[in-house]
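Novice: Single-letter residue listing:
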Amino acid sequence: MAQLFEFEKPLLELENKIAELQKFSREKQIDLSSEITTLENKLEHLKKTIYTQLEPWQKVMIARHPERPNFYDYAPLLFEDFLELHGDRCFADDRSVVGGIAVFRGIPVTVVAHVKGKDTKENIQRNFGMPHPEGYRKALRLMNQAEKFGRPIFTFIDTPGAACDLGAEERGQSEAIARCLMAMSGYHVPVISTVIGEGGSGGALAFGVGNVILMLENSFYTVIAPESCASILWKDPGQAREAATALKFTSQDLFSLGIVDEIVPEPLGGAHRNPEQTAEVLAEKIDKHLKALKAYKPEELMERRYHKIRSIGVFEREILE
Amino acid sequence: MAQLFEFEKPLLELENKIAELQKFSREKQIDLSSEITTLENKLEHLKKTIYTQLEPWQKVMIARHPERPNFYDYAPLLFEDFLELHGDRCFADDRSVVGGIAVFRGIPVTVVAHVKGKDTKENIQRNFGMPHPEGYRKALRLMNQAEKFGRPIFTFIDTPGAACDLGAEERGQSEAIARCLMAMSGYHVPVISTVIGEGGSGGALAFGVGNVILMLENSFYTVIAPESCASILWKDPGQAREAATALKFTSQDLFSLGIVDEIVPEPLGGAHRNPEQTAEVLAEKIDKHLKALKAYKPEELMERRYHKIRSIGVFEREILE
Amino acid sequence: MFKDMFRKPKYVTIPSVPPAASTKQEALQQPVSRRELPDGLWVKCPKCGEVLFSKDLEENQRVCLKCSHHLRISARARLEYLIDKNSFEEWDTELRSADPLGFPGYREKLAEAAESTGMSEGVLTGRASIEGNQTVLVFNESGFMMGSMGSVVGEKIARAVEKALELRLPVIIFSTSGGARMQEGILSLYQMAKTSAALAKLADAGLLYISVLTDPTFGGVTASYASLGDIIIAEPGALIGFTGPRVIKQTMRQELPPGAQTAEFNQLHGSIDLIVERAQMRPTLARLLRYHREGAKYGATV
Amino acid sequence: MFKDMFRKPKYVTIPSVPPAASTKQEALQQPVSRRELPDGLWVKCPKCGEVLFSKDLEENQRVCLKCSHHLRISARARLEYLIDKNSFEEWDTELRSADPLGFPGYREKLAEAAESTGMSEGVLTGRASIEGNQTVLVFNESGFMMGSMGSVVGEKIARAVEKALELRLPVIIFSTSGGARMQEGILSLYQMAKTSAALAKLADAGLLYISVLTDPTFGGVTASYASLGDIIIAEPGALIGFTGPRVIKQTMRQELPPGAQTAEFNQLHGSIDLIVERAQMRPTLARLLRYHREGAKYGATV
Ligand SMILES: [Zn+2]
Ligand SMILES: [Zn+2]
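So the protein sequences, as listed, match chains A, B, C and D.
Everything in the first sequence is counted per our numbering, starting at 382 for the first residue and increasing by one.
Everything in the second sequence is counted per our numbering, starting at 382 for the first residue and increasing by one.
Everything in the third sequence is counted per our numbering, starting at 2 for the first residue and increasing by one.
Everything in the fourth sequence is counted per our numbering, starting at 2 for the first residue and increasing by one.
FYI, nobody ran anything at the bench for these hints, they're computed from the structure.
Ideal placement from N, C-alpha and C gives every residue a C-beta, glycine not left out.
One or more of the hints may lead you astray.
[Claimed, not checked] Computed beta-carbon distance windows for the label pairs:
#1 A:K423 x D:E132: 28 to 38 Å
#2 A:I505 x D:L257: 23 to 33 Å
#3 B:E448 x D:Q251: 22 to 32 Å
#4 B:H426 x C:E278: 47 to 57 Å
#5 A:Q633 x C:E167: 33 to 43 Å
#6 A:E436 x D:E132: 50 to 60 Å
#7 A:I505 x B:K499: 38 to 48 Å
#8 A:E465 x C:E167: 41 to 51 Å
#9 B:E665 x D:D205: 34 to 44 Å
If we strip away everything but chain A, and leave its shape as in the complex, we get:
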């Protein structure tokens, strides 16, 4: 069973009680079905209550859940075929970024994704999903090829943020991110970006310039990690929970702010409870948007993306006398 968070403990207690009753009923041959049904209804109700009223910090916990499906989990569920391609042609193959060509409902597409590891060893290989410059450059190379060959681009965002070490600085991490932003804004193919887990700052945004931006229900997408925000604001990373609320970074927040086009519902309790179902819903959403984008010519796809990004921002206008 999946690792449980504190706020999920009442569910476990109830589940255990039901299991006990079932065992007792079986062993003693006593009919407790009505009691059990009552408890099961109660459990169902409690689940809905807990999972539909998650506060932002609880969503962060779900988004960072070690068993949360990553791109590699979704790839075989979303695509008929996926061929991973490697390297930035310049320095290295960054394992925290995965890309290649996939076939989505008969259409070849280019995919680019952050990938965190599933265990410590893999996390070290993948730098915990935090790309170095060569990761962005690999993605850029693959996306440029998608543009060349007229393939739609699907990006999947799932990173705590850009790498923070000296090597990343030396090799021009800033430039690498900026080039992704600049290039993505100019593509003539459809770009669909989905936040599937953590969307951490510039490292996430580098793959976020989409015609369509989707978010899995329990993912978050933020300018700064809540811990860092709390550190800066209140000199106390322990107040990450408060920062998580202040930053307005849940899928619902981003939908309200007009950044996210649609929220992809997750199974109760989170994507890790049922990756297949999550992928199925996600595939439907992507398919719907991809079909809608077919209405536009290449030039229009580019212009519409530009205007989408261009119009993000909220400000006031002073009236000069």
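Fit chains B, C and D with the ligands to the known structure of chain A by using the hints.
Specialist: This is chains B, C and D with the ligands only, laid out in the frame that chain A set:
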């Protein structure tokens, strides 16, 4: 006075003899002017004989002369203004490749050049003029900007060849050279390439895809260093002199083969005897060709360059019965 | 006055700074902001410790007379040092930050920043000439919430770039910033994409963009417009990077080598075309503008 | 027979291999060249030393049955393993190397190479289908003067690429080469530029180019067409680089780390998209060709 080669020794002897006579004549107040004039004529004649009949290996020695002017020597003589720009935006600023924007007879141009050091310290900084991948990538970046801004490109070739160390391999030296070749073939601006010293293999060619290819008289441009050729062919690097002849790499050879459009004459004895004069002649040649290229539209400049490069090669055709 | 402004719900009105066209002159006659004029007549160099006569320091464009350290400088002072006298036409002065997330303390911080800098936001945009060369100019103001980029900074830059496109003028941006402005959350993050997208259009149109990095430039600003210059210039010694040195130290659990993230370090690693001293900035930019003037193009001389 | 050919001054005539259209069938029925069929029935794996039954080895596409080492393979054998039966149309078979520099021993070397490989030059070009996907194909022949590139190799590749442009077909090039062919001097060097220029046109036209690197690929070939693939594939263990390991050792005065310049090393350093075992080459290429088929494009399905 410039370092002398073995084949220049007879000139030195004659020069010494003339100096002796002059001194003697001065000290003893004896008129030796007719003897001196005779010797001076003989010297002039000998100079012409030696320097116009240099064998390939002697040209190699002149091209590699430690005092041979490099790009930095020519820049202030060729251009009204030169602003060096740095870096590949990715890994490093390679000091063996120098590039920037210069003003040539009123016209801003992009220049790219190999630069060897003048002494051991500088040679270590500049890796003896042998570029690493970041050198080609800097050049490519600057040349791409020239294309963007419609500036002519002048390249100056002067390298023993590409760097030969593991770092160069790791960072994709082959790809970096190949990208230069590919990109240069497609530019819509005039490209004028001049071999000013050594033109060593792929590292030289990376800057050699010009609409016009010029060579200083005593420079050479080769697929392989004569020493390496001798090693492979005769298992004896000592036979470099023979290899130098076999490889047909002097400016006259390349002119005959139709690779080089024009030879830029050097002062008797080599460019290092009079860099100013060399630069002046070179500037005239470049100016002439640049003016001639103005007859063509951007698309034509590209197509003509393509056909120039495309038509290089000599082969036979078997007649099938 | 500024505080009042930020408490009003939507459209607010203030009559004074930053100036409408009529007060432009006045603004230019105020070469340095209050912040930079020390209470006393003496300023201590933060690098070498030398105590300098503040008038000498200002005359030297706030470059230490002893160690050549480039002290931080306000957007308006920089503008002064750079442009042809009275040539500046400021744009989009009426834009003001909102508080779209209702972020704790944000409105107060904005008011304080406005108060201390005399600016309405962390960026100044407009057009001017440098040695006779017309250009669009953008200056971050480090004194305004560390030059951080929120919706207004992003919007003003995007507008300036679009205006350059319309006028077919080059763009020069002087960056100094701590990064994206946390208080506007995801909206700030997407200003990186917005400014980069505008610059993509400028590049497509074949227009020149010069990025000048000054101390300090970090985070979302470095990872967007600041790194996209056709030519990238930095002031000597300026600290430039994505992640700040403290965070790197924590993550790597080791000291950074001396000189890490300086302009010189960045140039060595290929990120920067030129390091230009403040006194040379004006002639260098003029030179680059001349190189790229439409009439100077090869094609144009046919 | 070949020797005679190279002694004649300009146009020479030979009736047999390589085949005109009529003899194509025959050539295809000869799956491996003489060189690869050992005198005996046994072959020793150069990597693990295992002695293998030569028929088994051929059936396994010359991949060691014990250690999976990929032994070198002739251009024609590779073609055989790869394409749909009888689908190959060979191009430009009539081109022959001249000796433009009068280089010592060159004509003899050419004759020997022709004799030992049964090929007229170090490259095979043409079109074929792979699992029904039409493509232009190029194979270097390592047995022909180490697969070195002179005027004919460059010309045949440039023509094949230009033909692909005309036919709007993708191009797949299998490289194996010691580099540019020294015996043709500067002419060989410029074949690097020539092949790269042709590929630039192919790229401009939006056509796919797949580069497959096989053991060994070095020098001027790696630094031109071999590194310009939209997708770059390598066979496992293939040695790939610009400078050969011996020269690097001499220059650096140190041993190379184990595995340096292998396909795996190159992939780690970002140069290679995919490492594909010989047995998987056909389906993998077919898959990539399908992805890029005109009809498979997003626009085309509207
Ligand atoms: Zn000081
Ligand atoms: Zn074996």
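Novice: Do the beta carbons of E448 of chain B and Q251 of chain D sit within 22 to 32 Å of each other?
Specialist: Once the Cβ atoms are compared, 28 Å apart, the range 22 to 32 Å for Q251 of chain D and E448 of chain B holds.
Novice: Quick check on a hinted range of 23 to 33 Å for I505 of chain A and L257 of chain D, using CB atoms only.
Specialist: holds, 26 Å
Novice: May I ask you to test the hint 34 to 44 Å on the CB atoms belonging to E665 of chain B and D205 of chain D?
Specialist: holds, 35 Å
Novice: Is it true that E465 of chain A and E167 of chain C lie within 41 to 51 Å of each other by Cβ?
Specialist: At 44 Å between Cβs, range holds.
Novice: Take the C-beta atom of K423 of chain A and the C-beta atom of E132 of chain D, compute their distance, and say whether it sits inside 28 to 38 Å.
Specialist: Violated: the Cβ-Cβ distance is about 58 Å, outside 28 to 38 Å.
Novice: May I ask you to test the hint 50 to 60 Å on the CB atoms belonging to E436 of chain A and E132 of chain D?
Specialist: About 54 Å separates the Cβ atoms of E436 of chain A and E132 of chain D, which means 50 to 60 Å holds.
Novice: That 47 to 57 Å hint for H426 of chain B and E278 of chain C (C-beta), does it hold up?
Specialist: Roughly 55 Å apart at Cβ, these two residues keep to the hinted range, so it holds.
Novice: When you take the CB atoms of Q633 of chain A and E167 of chain C, is the distance between them in 33 to 43 Å?
Specialist: Once the Cβ atoms are compared, 38 Å apart, the range 33 to 43 Å for E167 of chain C and Q633 of chain A holds.
Novice: Regarding I505 of chain A and K499 of chain B, is the given constraint of 38 to 48 Å on their beta-carbon distance met?
Specialist: holds, 47 Å
This entry does not satisfy hint 1, going by the numbered hints stated previously; all others are met.
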